[in-house]
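Residue numbers (the working numbering), protein chains in the order written: chain A, 8 to 459; chain B, 85 to 316.
One thing to keep in mind: the hints can contain errors.
Unchecked claim - On the chain B side, residues computed to face chain A include the following (Cβ under 7 angstroms):
id, residue
1, Val132
2, Ala136
3, Ala137
4, Val138
5, Leu141
6, Gly213
It is worth saying that the hints were derived from the structure and are not from the lab. Cβ atoms here follow ideal geometry from the backbone N, Cα and C, with glycine treated the same way.
Spelled out from the first residue to the last, the chains are:
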Amino acid sequence: MKINDIPVHTVGREQSATFDRKTIDYIQHASASGLYEIRGLGAKRALPHFDDLLFLGASLSRYPLEGYREKCSSKTVLGTRFAKNPVELEMPITIAGMSFGALSANVKEALGRAATAAGTSTTTGDGGMTEEERRSSKTLVYQCLPSRYGFNPDDVRRADAIEVVIGQGAKPGGGGMLLGQKINPRVAKMRVLPEGVDQRSAARHPDWTGPDDLTIKIIELREITDWRIPIYVKIGATRVFNDVKLAVHSGADVVVVDGMQGGTAATQTTFIENVGIPTLAAVRQAVDALEDLNMKGRVQLVVSGGIRTGADVAKALALGADAVSIGQGILFSLGCNADTYVQGGRHISAIDDYARLGTAPGYCHHCHTGQCPTGVTTQDPLLEKRLEPDVGAQRVRNYLKTMNMELTTIARACGKQNVHHLEREDLVALTVEAAAMAGVPLAGTSWIPGRN
Amino acid sequence: MKMDAPDAVLFDLAQTPVRELNQFLHGDLAGVKRVVVGNPDGAHSIAVGVDAAVEVLIDGHAGYYAAGMNKHAAVTIAGNAGPGVAENMMSGTVRVKGFASVSAGASANGGLLVIEGDAGLRCGISLKGADIVVGGDVGAFSAFMAQAGRIVVCGNAAENLGDSLYEAVLYVKGEVKSLGADARFEPMTEGDFSAVAELLAAAGLKHDARTFKRIASAKQLYHWNADANQEY
């Protein structure tokens with residue numbers, strides 16, 4: 008090597024932090040197509056999350072429970088404020104609303120069966136209630152969305168709870184989107200739409216505007232259901248402290264807060280990544296709002312958006328949530344982004360199908376195309392067969408049970424006989440950001456940024 | 085509640101809460117032909133979620149969501165109706181003798197809504213198959229994203245009529261201030277004339293069907309178009 012030779016990979020090939028490969032790809036794609044990217048799932052960027060919190064297990068100052076011998080209850084009741092029949096669940100882990108249309112009828116049936124076997128609830132979505140999911144779900148939450156697709160009084164009456172959806176974490180302030188390739192004849196009929204059109208559902212409800220109207224709308228739903236079932240209000244996490252207060256004032260039994268890691272079947276990438284706040288920050292603001300109104304325990308809080316494990320559930324509960332709701336985790340459980348799908352007990356590779364979509368297992372977010380290689384987010388008559396309801400139901404049941412066991416493991420370690428006894432005092436944060444957002448001390452200190 | 089005739093029941097809302105009225109309407113209505121609601125005084129959610137072929141007369145003004153999600157019932161409001169009258173109706177008929185506020189017939193799937201006076205903003209928003217006949221004018225953004233069904237307006241329509249229409253069809257006799265995105269005038273066919281005549285007859289309104297104009301979707305928003313520059 009001559010004295011004047013410079014190693015080019017350190018100086019001559021420095022990647023720009025501002026214009027990195029991803030950004031250059033984005034600009035060149037926009038330049039070539041004149042289109043923004045639409046995709047499924049939730050925010051992919053790194054965010055302060057439950058990973059940044061740790062539990063302080065029991066020791067000399069706290070007394071633990073025996074891991075395998077002493078009972079730890081995970082029973083959960085939602086909707087105790089006004090409903091004659093609150094929702095009673097065996098675990099604080101519920102299945103989030105995902106539409107028939109985004110998902111196939113097989114998937115909706117599998118989710119109902121899994122939720123019933125695990126003793127929890129599942130939720131309809133922006134497309135109405137299918138017979139398959141009503142039949143298979145012991146406890147079914149029926150969403151009332153701006154589009155009102157498939158919304159009808161018979162399904163209102165046979166629901167176990169109603170969730171008025173104001174927004175979702177992936178796209179607070181945005182409506183729905185179901186691209187034409189997923190509007191098959193049955194989906195079209197349920198939504199009263201022509202087959203194959205690109206369907207953009209409204210961002211605002213058609214018959215009310217603002218929280219004062221919502222109060223009256225909720226009473227109408229209660230009157231229609233004779234005050235039997237709980238009414239949830241779901242919001243996408245933005246101004247959570249104010250929005251939760253308004254939801255409570257509007258008469259909600261349960262407030263569902265969905266952070267920006269929450270998924271969607273199809274939305275602009277720029278919307279998913281740049282609008283809304285992380286779930287971790289949202290939980291604390293929601294709990295603060297309930298405590299400020301002295302409504303903690305009277306109005307239940309359900310948190311969603313990037314909940315993956317029993318530890319995430321435990322942390323959400325310790326911060327003050329009453330339950331969590333899971334969408335994307337359930338999709339992965341069913342086989343979303345898996346290498347294979349199961350047919351008649353045999354694993355079959357889906358790698359080539361991922362490649363045809365320009366992606367690979369672990370990276371796929373092509374829910375919006377309807378070409379799901381594992382048959383989860385599709386209406387294609389051949390692809391949807393790749394998810395057998397029996398297989399799907401068993402997997403999701405296993406996943407729910409696993410998380411609940413992890414949850415009780417942590418609760419016992421913290422000395423709790425009931426998972427709902429987990430408290431903020433059991434938590435510390437690993438980063439200054441997480442400490443500030445969650446309002447718990449930085450590990451090894453008593454410092455809560457912004458609070459003391 | 086009092087029986088004022090063998091097959092008619094009177095609820096005086098000055099004495100009885102709306103809750104009791106609705107609970108009664110959701111019960112076994114065998115033998116009940118007619119329910120009269122006295123002193124409604126703008127109460128909300130009167131006669132919501134009815135699922136029976138019963139006649140309901142609301143003897144005055146109703147608040148929000150009167151006859152919401154109606155099935156089979158024939159509901160008459162002798163006065164004005166608040167926001168969302170007959171919202172998400174499935175079948176039956178709802179008649180407003182006076183004016184209706186915003187979002188009349190929002191997302192209604194079936195049945196007939198008649199408003200003898202004017203209707204406010206967003207009349208027939210997200211309509212999903214019901215028919216609406218308005219004796220007077222309709223406000224701005226009426227029939228916004230209406231998917232199916234028919235709306236007949238005997239007076240004028242305000243701004244942005246039929247914005248983002250799907251398959252619903254609108255008929256207007258008077259002036260249309262402006263059409264919304266993707267809505268367009270289309271020639272009336274014989275089928276349109278007879279549809280309008282039939283709806284006017286059902287509503288009991290006397291107008292010449294030949295004087296109505298047809299508005300429907302140009303279907304330019306049915307598929308995503310990058311060159312539209314979001315001009316809609």
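Identify whether the interface hint at B/Gly213 stands, where standing means a beta carbon of chain A within less than 7 angstroms of its own. Hint on B/Gly213: holds, closest Cβ of chain A at ~6 angstroms, below 7 angstroms.
Quick check on B/Ala137 please, does its C-beta sit within 7 angstroms of some C-beta on chain A? violated (15 angstroms)
Hint status (Cβ of B/Ala136 to nearest Cβ of chain A, threshold 7 angstroms): violated (12 angstroms)
Double-check B/Val132 for me: the hint is only fine if its C-beta lies closer than 7 angstroms to a C-beta in chain A. holds (5 angstroms)
Agreement of hint B/Val138 with chain A interface, Cβ distance less than 7 angstroms: violated (15 angstroms)
Status of the hint placing B/Leu141 at chain A (closest C-beta pair under 7 angstroms): Interface hint status for B/Leu141: violated (19 angstroms vs cutoff 7 angstroms).
In terms of the numbered hints stated before, the structure departs from hints 2, 3, 4, 5, listed from lowest to highest.
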